[in-house]
Every structure is written in structure tokens, then in C-alpha cells.
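**Q** All chains should be built: construct the whole structure from the sequences, respecting the hints.
There are 2 protein chains.
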Amino acid sequence: MDIRFSEIAHAFQPSQIRNKIFDDPGVISFAAGKPDSSLFPTDKMKQVFNNVIDRHGEGAFQYSETEGLKDLRTIIANQRMEVAGVNVNAENIALTSGAQQGIEFSAKIFVNEGDVILTENPSYTGALSAFKAYRPKCVGVTMDNDGMKMEELEEKLQLYPNTKMIYTIPDFQNPTGVTMSIEKRKRLAELGAKYKVPIVEDCPYGDIIYEGKRYPSVKSFDKAGWVIYLGSFSKVFVPGLRIGWVCASAQILEKYIMAKQNSDLQCSSLNEVLTIEYMQAYDLEGHINKIKQVYKARRDLMLERIKQYFPEEIKYTTPNGGFFIWLELKQGIDANEILEKSFEDEKVVFVPGGSFFTGTEYKNFIRLSYSSVNDKEIIEGMKKLGKVVSNYY
Amino acid sequence: MDIRFSEIAHAFQPSQIRNKIFDDPGVISFAAGKPDSSLFPTDKMKQVFNNVIDRHGEGAFQYSETEGLKDLRTIIANQRMEVAGVNVNAENIALTSGAQQGIEFSAKIFVNEGDVILTENPSYTGALSAFKAYRPKCVGVTMDNDGMKMEELEEKLQLYPNTKMIYTIPDFQNPTGVTMSIEKRKRLAELGAKYKVPIVEDCPYGDIIYEGKRYPSVKSFDKAGWVIYLGSFSKVFVPGLRIGWVCASAQILEKYIMAKQNSDLQCSSLNEVLTIEYMQAYDLEGHINKIKQVYKARRDLMLERIKQYFPEEIKYTTPNGGFFIWLELKQGIDANEILEKSFEDEKVVFVPGGSFFTGTEYKNFIRLSYSSVNDKEIIEGMKKLGKVVSNYY
Numbered sequence: 006m007d008i009r010f011s012e013i014a015h016a017f018q019p020s021q022i023r024n025k026i027f028d029d030p031g032v033i034s035f036a037a038g039k040p041d042s043s044l045f046p047t048d049k050m051k052q053v054f055n056n057v058i059d060r061h062g063e064g065a066f067q068y069s070e071t072e073g074l075k076d077l078r079t080i081i082a083n084q085r086m087e088v089a090g091v092n093v094n095a096e097n098i099a100l101t102s103g104a105q106q107g108i109e110f111s112a113k114i115f116v117n118e119g120d121v122i123l124t125e126n127p128s129y130t131g132a133l134s135a136f137k138a139y140r141p142k143c144v145g146v147t148m149d150n151d152g153m154k155m156e157e158l159e160e161k162l163q164l165y166p167n168t169k170m171i172y173t174i175p176d177f178q179n180p181t182g183v184t185m186s187i188e189k190r191k192r193l194a195e196l197g198a199k200y201k202v203p204i205v206e207d208c209p210y211g212d213i214i215y216e217g218k219r220y221p222s223v224k225s226f227d228k229a230g231w232v233i234y235l236g237s238f239s240k241v242f243v244p245g246l247r248i249g250w251v252c253a254s255a256q257i258l259e260k261y262i263m264a265k266q267n268s269d270l271q272c273s274s275l276n277e278v279l280t281i282e283y284m285q286a287y288d289l290e291g292h293i294n295k296i297k298q299v300y301k302a303r304r305d306l307m308l309e310r311i312k313q314y315f316p317e318e319i320k321y322t323t324p325n326g327g328f329f330i331w332l333e334l335k336q337g338i339d340a341n342e343i344l345e346k347s348f349e350d351e352k353v354v355f356v357p358g359g360s361f362f363t364g365t366e367y368k369n370f371i372r373l374s375y376s377s378v379n380d381k382e383i384i385e386g387m388k389k390l391g392k393v394v395s396n397y398y
Numbered sequence: 006m007d008i009r010f011s012e013i014a015h016a017f018q019p020s021q022i023r024n025k026i027f028d029d030p031g032v033i034s035f036a037a038g039k040p041d042s043s044l045f046p047t048d049k050m051k052q053v054f055n056n057v058i059d060r061h062g063e064g065a066f067q068y069s070e071t072e073g074l075k076d077l078r079t080i081i082a083n084q085r086m087e088v089a090g091v092n093v094n095a096e097n098i099a100l101t102s103g104a105q106q107g108i109e110f111s112a113k114i115f116v117n118e119g120d121v122i123l124t125e126n127p128s129y130t131g132a133l134s135a136f137k138a139y140r141p142k143c144v145g146v147t148m149d150n151d152g153m154k155m156e157e158l159e160e161k162l163q164l165y166p167n168t169k170m171i172y173t174i175p176d177f178q179n180p181t182g183v184t185m186s187i188e189k190r191k192r193l194a195e196l197g198a199k200y201k202v203p204i205v206e207d208c209p210y211g212d213i214i215y216e217g218k219r220y221p222s223v224k225s226f227d228k229a230g231w232v233i234y235l236g237s238f239s240k241v242f243v244p245g246l247r248i249g250w251v252c253a254s255a256q257i258l259e260k261y262i263m264a265k266q267n268s269d270l271q272c273s274s275l276n277e278v279l280t281i282e283y284m285q286a287y288d289l290e291g292h293i294n295k296i297k298q299v300y301k302a303r304r305d306l307m308l309e310r311i312k313q314y315f316p317e318e319i320k321y322t323t324p325n326g327g328f329f330i331w332l333e334l335k336q337g338i339d340a341n342e343i344l345e346k347s348f349e350d351e352k353v354v355f356v357p358g359g360s361f362f363t364g365t366e367y368k369n370f371i372r373l374s375y376s377s378v379n380d381k382e383i384i385e386g387m388k389k390l391g392k393v394v395s396n397y398y
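Here the protein sequences come in this chain order: D and Z.
Converting from the first sequence to the numbering used here requires adding 5 to each position, the first position being numbered 1.
Converting from the second sequence to the numbering used here requires adding 5 to each position, the first position being numbered 1.
Calculated from the structure, these hints are not laboratory results.
You may find that some hints are simply not true.
The list treats identical chains as interchangeable, and a pair is accepted whether it falls inside one copy or across any two copies.
[Unchecked claim] Here are the simulated DSS-like cross-link-like pairs (lysine-lysine), alpha carbons at most 25 Å apart as the crow flies: (1) LYS75 <-> LYS39; (2) LYS381 <-> LYS368; (3) LYS25 <-> LYS75; (4) LYS320 <-> LYS49; (5) LYS51 <-> LYS228; (6) LYS295 <-> LYS51; (7) LYS25 <-> LYS312; (8) LYS297 <-> LYS49; (9) LYS49 <-> LYS301; (10) LYS389 <-> LYS312; (11) LYS388 <-> LYS49.
**A** Right under this line is the structure:
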């Protein structure tokens, strides 16, 4: 069959984070950036189910508003945005199917073919893939231990006047685990306003901080409305409901709502009321505090085993939250080859770092996720992976 | 603020079928193309909730496959596609967030800027809006009482060699209620193959047939794989779970799955297992037979009241299924003006027909939906609307 696909469809690439070998039975997977399902409030959800039918009846199953139910948007504004240091109300919130949909809409709304998107380099591969459909030029900005280099960012804003979006993950970044400093957050908000470039702040992990208080979001420093905040319940509550949100000025939010209308009409009404009932009946902050302890212990264990089993000269990040550690191997090593070997010989998998870069030049990085593996798996898997990696040194 | 939106975002238009006045309290609405929520199997869903937690546990809340859970895809292949006359298996099915997402993906996958999409004229306004983002030229094909004129379709296929998609709603079409004959379905499948143009067959209403057996889908006549079938549980089960599907050849389906990955990763895992449990525990065919009787009685009542209260020379369709009757007013009458009057004077609303056309030339049409209004509302609302319309004759 000689099917003529669109240019967009020709540009589609299979996801590097949803490789089938990651689901192979018996593997120890440091690949999946997913929360540990044993931490989900499953028993509480059973109660919530019954409340939903009693209180919302058949309305839970009917069509509802494209932007999302007002009660849920109010909870998000009052609770989730408040902890991010942002003072907004329901009119500034629209729901999306996870933050991923907010990412895809951002490119759709701001970017024409050939326009520039500035991102941290490396950045979330699922965002880079989603952007690709709109055929932008994605230009990476180098990171320090406290986030994007702001001088380099400004240079690139000047160099590329057709920059239409800055995409950032300021908290425990995917894939590096790096957190942007408060000073840089302020500066980033200023630069967006100065150059009139929307900043898309992707915050799925912000609440999962191990030491200290949650960082104020970039959006909290946004005076003129250039920052679009993407939030999600996927990492702190459950991902299976597909409830995320966009927080933006009314003028910008209107475009996201129209994109949502065209794409899939609305999120699941049922999942919206389930989320409302859970948030009203239970203490999400308490739940977050509980899961943070578990993830922190796993981070500690993984870091310890890197020290124990990996070559001494290897560089790695020490995340203060989130799910990821980022490993830099010596130049010349191809992490894809390491993955092949560690899968075949040891049944241990991870995500090779290449697909997180805007270019194709870096192959010597590994993203390790510790969020959905238990202590035994970390101990065993890191020993095995350390052995494979050590063979290259 | 001087925000530079993309060309796509500039082309967004507010939905004509989600006008805020339709939700005004106290209106009688013939506007909403939604199922009657009093017909939902709400009590059964309460039982299904408990089964889901018992059987799937925390997995119901975790991330799962982009294409959808295999058990659900198998049920869809074996049950829903079988009633559409199509013999496929789970490998030919991928889930979407309602058929709407399948519609949007179709344009994304097949259409470049300036390419032609051929559609029935009029057609579903939500599809025309979704297509617009990809800046095609939408060319309408005139309809008879048994669907698209096939000679005109072929002429246009010859006239526009850059036709990349034919979009059709063969059963109880939105907005006209018209059904495509079996002969035309065969011919349409042949034309797609002959001109190598994908046919996107949108089938949300196919099961809701009042008299006779369900029509075989266009896909059932598809030998070479040019037909993409879009299905949905929204009208026959519940819309609030946002579960629809695409049925296509493996080569085409792969592109839909990659579009899904980029857009929102996956449908709601919870809603997938809820649908599986419902389908396994209860008889959807029996449920469909029950709701069909209700919708048929409402259609009869609405047709009767058109005869009674509307000007004699008015033309209208007599749908054999689905949710809609299509009214043609005499030329020169603007249905938008009628809507204004009937809302202000009588608190009765409907969707003016203009937005369903590929061009802007037709204003004298009205879409009436009888699916979510009770007998009392139909009797009262049609009397009032008939009065408003009669004033123009």
C-alpha cells in the first residue's frame, strides 16, 4: 500500500521511554519514570467510588465542560497552585489529560514551522517528541547544577528572535534530577517578559522534594503573564486518571481550551469527580509526605550503590526530589550498547540518555529511575549494571 | 500583552455546539448531541467499581499501554467491530479519548497544509474545527437521502489529486440524520482504494438504529486497508469515561498510536478496566436495545410536533437512528437569528446549521437533537420553537 502520510506523521518516532524491552517479564527496570503503584491510595479510592455515585449520580458519566469541572479547578487553584506560590482562581485553570497534553498543546499554540523552542539540554524526551510534530527548531541551553545557564539563555533569545517558547522543568528535572535555583527562576521569569516569549513550566515533580520546602514556581515570579504552568496529579496521586492542568492568564488559557475542544472535547468527567472527592475527603499533603520518604530512601540506596559498584570517575547527579539520577559515562561509550548488554546479560534496563538531547551528539548518558523499584531490586540491579558499565572502563 | 500565537491557534474558533447559552438554566435544549444520562447504567457501575479494585487492584491507577489494554482491544474487536461487520483482532485496535481524538489524529496523520479533505456537506462541525488546525481545504460533497453523491465524490477525487482523506459519518449522520445506503458504502470503499485515499469512517451512532438491522460499515467492504473506522462508547454506554477507538491496518494504526503517545500518552487506565468489567459482567446489546426504544419514541414525538407546529413547506429529515433531525428553512432565513429569538423569547435552543457546512453560504438550517430531552420538553419546546419559526413565514 502506498499511503501518503503527512509530514507530521513522517516525523513521528517511537518513544525511547516506552521501549517494549522495559516490560519484559523478569527485568529489573530503572527505566520507567512512573510512581510506585504500591503507594497509591487504592483502599481510599474504593470509598471514593461509592461517594462519587451517591453524590454525583449519573452526572459522573455524562459529558461536562471542556475546561474541567469548576469544583476541581477551584481545588487546583486553592491547593496545588498555592503550594507552588501562585495566587490564582479557577478561571486561570484548565484541565488536560496529564501534563503531556499541556506540553503538546503548548507547541500547537505557540509554534509555527521553523520557529525556535529553547529547552534545557537535556530535557524530557516526551516533550521533544511532541514538539517535533510542529517542526520547530529545538535549541538546547546548557545546565549547571542549579539549572539552565541564564546568560546562555539570553544569548540565544537574542540570537533567535523567532523563539516562540521556552520549555523548562525546574524541579528535579527529567532526566537530570537537577533543580533550578530561586535566583534563576526569578531571572527566567524576567527574561520571558523582556523578550516577550512564553515560558512553559512543566511541574510534575515539584511536590516530591526530599529536603527543605517546595521551591516557588517560575510562575510565582511572573508579573505580566508570560509563564504557563503545567501541573499533574500523576506523580503525587495516581497517573491512571489522566488529570493534569494548565495555569495561565485568561488570554492564553482560552487557546488551550480551544485546543482541548478540538482534540478530545474534555477529560473524563468520572475521573474529575473522583479527584474532587479524594481531595475533599483525604489529605493529599499527608499522602505526599508519606511517598516522599519512600522515594528519598530509594534515592539514598541507589546513590550508595553507584559509589559501591560503578567506576570511581563516573559523574552523577544527586537529586533533591523526583524520580531520576543522571549518570555521565566517559566519552566514547554508547549507552545504547550498555543497555543492550545489560538487558541481554543481566536483565537490567534503563533509558539511554541520547534521546533527551536536542541534538544527536551525546550518547554517553544514562537515566536511572528509582521510583518504582524496591530495595532488593535496587541492590541487585545496581550491582549487575555496575558490572556491565565497569567493563567499559 | 503582545503574544505571538501560532497560525494554528489563530485559526481556532469557539465551538458552535458548546455555546454557553445552551447551559442556561431553564432552557429547553435541542442543541446537545449527548445521550440521556437517566439511561446510563449507573447502578451497575457501582458494582463494576468494586469489581475493578478487587480484580485489578492498584494497577487500575497506574500508567499502562499507549494503544490500550489488550483485554479491552480484544472485546472491541470481537464485539463492537463484529456488529459492524468487520473481522479483526486486538492488533487492529487502538484506543482514543472518544472518537473526537481519532478525528483530530486523522487530520494530523494524513493532511498537510493545503491538502484537500472531502466530507459530506454538511458534516460534524467538531470534525471541521479539528481539521482546521492542519489548514486543509475542506471540500463538501452533496448528499442525497441515502448519503454522499458518489458521482460527485469521484469527480472531486479527480479534480483534487491532493485529496488526502475522505471523512464520512455513514450512520444517522451528524447533523442530518441521513444514512448511507449499502450500495454507496461499497462504492465508497472502492473509490478509496481506486484513488488511494484513506477513508475515515466516524461511527458513534451506528448501533442506535430504530428499524432493521445495523448497517454493515464501510470498513466491512474494505479489502485493501484504506478505511479507518472510528468507534466510541460515548453514545451507547457513557461518554464520561472518554473511551473511543481506531480500527485500521497495522501500518496505519502505528501512526495513530504514535500520535496518541505524543498527545497524552494513553487513555485512563481506570476507565479502560471499568469498561472491560462492564462489558464482561453485563449485556451491552441489551442495554442498546433498551435505549433505542427511548430515542425512537422521542424521534417520533418530535417529528409529529414538527408536522403540527411548523410551517407546512418546511423540509426535514426522518432519521432511522441516532440523535438528530435536520430542518431546512426557506432561503433567506438566518437560523442564528431564529436562535437568538427563541432563546430570548422562549428559552428554547438548538444548533444553527451554518457551522456544519464547509463553506459559509448556508444559514437556513437547524439541527434538532431529541436525545436528551423528555416528552414534556419536546412537546413544550417544539410548540414554542414552531411559533418563532412560523413568524418568518
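**Q** Now, for every hint given, state plainly whether the structure supports it.
**A** Here's how the hints hold up against the structure:
1. LYS75 <-> LYS39: between (28 Å within a copy, 20 Å between copies)
2. LYS381 <-> LYS368: neither (29 Å within a copy, 69 Å between copies)
3. LYS25 <-> LYS75: between (39 Å within a copy, 15 Å between copies)
4. LYS320 <-> LYS49: Neither way: LYS320 and LYS49 sit 42 Å apart in one copy and 56 Å across, limit 25 Å.
5. LYS51 <-> LYS228: Classified as neither; 42 Å inside a copy, 46 Å across copies.
6. LYS295 <-> LYS51: This pair counts as within: shortest intra-copy Cα distance 20 Å, inter-copy 30 Å.
7. LYS25 <-> LYS312: neither (30 Å within a copy, 60 Å between copies)
8. LYS297 <-> LYS49: Result: close within a single copy only, 19 Å intra versus 37 Å inter.
9. LYS49 <-> LYS301: within (24 Å within a copy, 42 Å between copies)
10. LYS389 <-> LYS312: Only inside one copy: LYS389 and LYS312 sit 14 Å apart there, 79 Å across copies, limit 25 Å.
11. LYS388 <-> LYS49: neither (37 Å within a copy, 50 Å between copies)
Comparing the model with each earlier hint shows violations of hints 2, 4, 5, 7 and 11; every other hint is respected.
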